[in-house]
Each structure stands twice: as C-alpha cells, then as structure tokens.
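Engineer: One-letter residues, chain by chain:
Protein chains: 2
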Amino acid sequence: MGQRKQSPGDRISEAEHAVMEALWTESPLSAAEVCERVCADNDWSIPTVKTLLGRLVAKRVIGTEPQGRKFLYHPLIERSDYVGGESRRLVDRLFGGRAAPLFAHLAENEALTDSDLEEIEALLKEMRK
Amino acid sequence: MGQRKQSPGDRISEAEHAVMEALWTESPLSAAEVCERVCADNDWSIPTVKTLLGRLVAKRVIGTEPQGRKFLYHPLIERSDYVGGESRRLVDRLFGGRAAPLFAHLAENEALTDSDLEEIEALLKEMRK
DNA sequence: TGATTTCGTTTACGGCTGTAGACAGTTTGA
DNA sequence: TCAAACTGTCTACAGCCGTAAACGAAATCA
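Going down the list, the protein sequences come from chains V and Z.
Taking my numbering, I'd label the letters of the first sequence as residues 1 to 129.
Taking my numbering, I'd label the letters of the second sequence as residues 1 to 129.
For chains that are exact copies, the list does not tell them apart, and a pair is met inside one copy or across any two.
As a list, the in silico EDC-like pairs of lysine to aspartate or glutamate whose alpha-carbon atoms are at most 16 Å apart:
{"no.": "1", "residue 1": "Lys-59", "residue 2": "Asp-10"}
{"no.": "2", "residue 1": "Lys-125", "residue 2": "Glu-108"}
{"no.": "3", "residue 1": "Lys-129", "residue 2": "Glu-108"}
{"no.": "4", "residue 1": "Lys-59", "residue 2": "Glu-16"}
These aren't lab readings, by the way, just hints derived from the structure by calculation.
Please read all numbers here as calculations on a predicted model, not as lab measurements.
With these hints in hand, go ahead and build the complete structure from the sequences.
Structural biologist: The following block contains the structure:
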C-alpha cells in the first residue's frame, strides 16, 4: 500500500492538465506565456490560468523560480509518469487491470488506424526478444 | 459536432460507476441488492447508494421499473459504450487520439503480462485478415 | 516621483461529487 | 388496526473544479 507514484501531491484535474501539457512542451514559462499557448484553445482568460497555476503549485506538481522579479513555472513531475498513472487507473478501473481487453476494445471500435497496427506489431516483435 | 455517443445524459462519476458495474453484472436489482454488492467494498451505507441511484436515474443512464410496489433498477446504456467512451477520452487526451503510444506506454512500464501479449498478438493476427 | 502596467495571491461563486441524515408513504407482522 | 420495517425522495454539507474578478506589491514609463 502507499507508494504514490504520481509525484508528491494530489490529482491533476482536466483543466490543470491542459496547463501541464503546455509546460511539458516547453518550460519554464511565465503565466502570460502559458496563457498564450492555452487560453485561445480553451477559451480562458488570464485569471483562469493564474488560478490553475496556483493550484498546480499547491499540489506540488509544478515549481516556480524567480526570473528577475517575476516567476517562471516548470513541471516537477514527468509527463510519462502522469500518463502512466492515468493509463493504469483507467485499465484498473475498466478492465480489471488487464491491458488486452482495452486493446481489444479499441480494435473493435476501429479506434486503431492501420499505422497504429503496424507500430504495435513492431513493438510486439521488439518485445518478443 | 455533437454526436454524443455515451447515451443520453451526463458523465458518470467514479462512485456512480461502481454502482453501474453492479448493474451491468446483474440486473435488474433493487437498491438494497445493489448495496449488498457494493457497500462493503466501498465502505458505503444504504443512503449513499440510494443517492447514487437517484443521480444515475436523473442522468438517464439507468431506468426503473416497479416491482410490486418497490423499484428495480437496470442500465440504459451498454457497458461497452461506456468503456469505449472512456477509453477514447483517455486516448484523445493523453495520446493525441492514437492508440499506439498508449500501447507503447503500457508495454514500457511492464503493465503488460505475457498473456496480455499473447492475446494481443492473436487479436492482431485476427485483424490482419 | 506619480501613474500605469504587470504579476502573484486572495476571494468568490455556482456546479458536481462523495457521503449521509431526515422524512413520508407503503407494506407487513403482531 | 398499530407499530415496525422498508423504500424512494428531499435536504445537507464539505470539498474539488471551472472560471474569474478584486487586491496589493513591484516595476516601469513619463
């Protein structure tokens, strides 16, 4: 029990996740710079971004460093850790922790493109060794 | 735009999902019967289950039918629709809608058992045709 | 140096979620 | 027939989420 992997902190909400993506793509960024890359897409205004950044800091998933007199924000957790955690949560909750049924489901619903199939096949071959 | 697939209604919360699982496994069930299969696991009391059932009815994802003078509840949406919707949401949000990276991720983190691999391989072969 | 801009922080507020108690109607046991 | 048991509905309330305005400090422009 215990062994929280998703970093020290709480869960990241969906809106917060959009901010994280911006910071994972490029960091450190100021609040204004974050807004430049997410506000339009989500129809947010600056105050909203500031709130989200504040909450992420409170949750200890991003950190701040003073740049001159302002702050720059940067992630404290790896994107792959977050993504892994969320994936695992879904697989656990919906597929009893087994990935094959998920795969089957995606396949069934044509959620897999041909290139997906090829890539996965390649990966499989890779792991076979 | 539009084309809501996950049935008529709102999103299902995590607690509500536990109730749905019970009903997908067996239905119709009375509130008491639902409680029998989920209360212990989640450390809930009957009132909680009643609230969840009420909300699910309001969201139009389960329906009621009078049994004698009481009610029996049964799902109005297919589990596979729900699961498919959730899976797709995750893949869209975290992997740009492409399933191969998800698969790669699960593989990398040893989230795939040997039997998962075998099953997936079989599925692939199946789809190849 | 006073006015303006720029930040970060604090406060706000309605909605959803988790969890549950109170209440009213109905059925059933005595 | 009167009380006990059970059922669904209504109400409650704290916490988190989405969204944002208000405020106060610092920096810059004139």
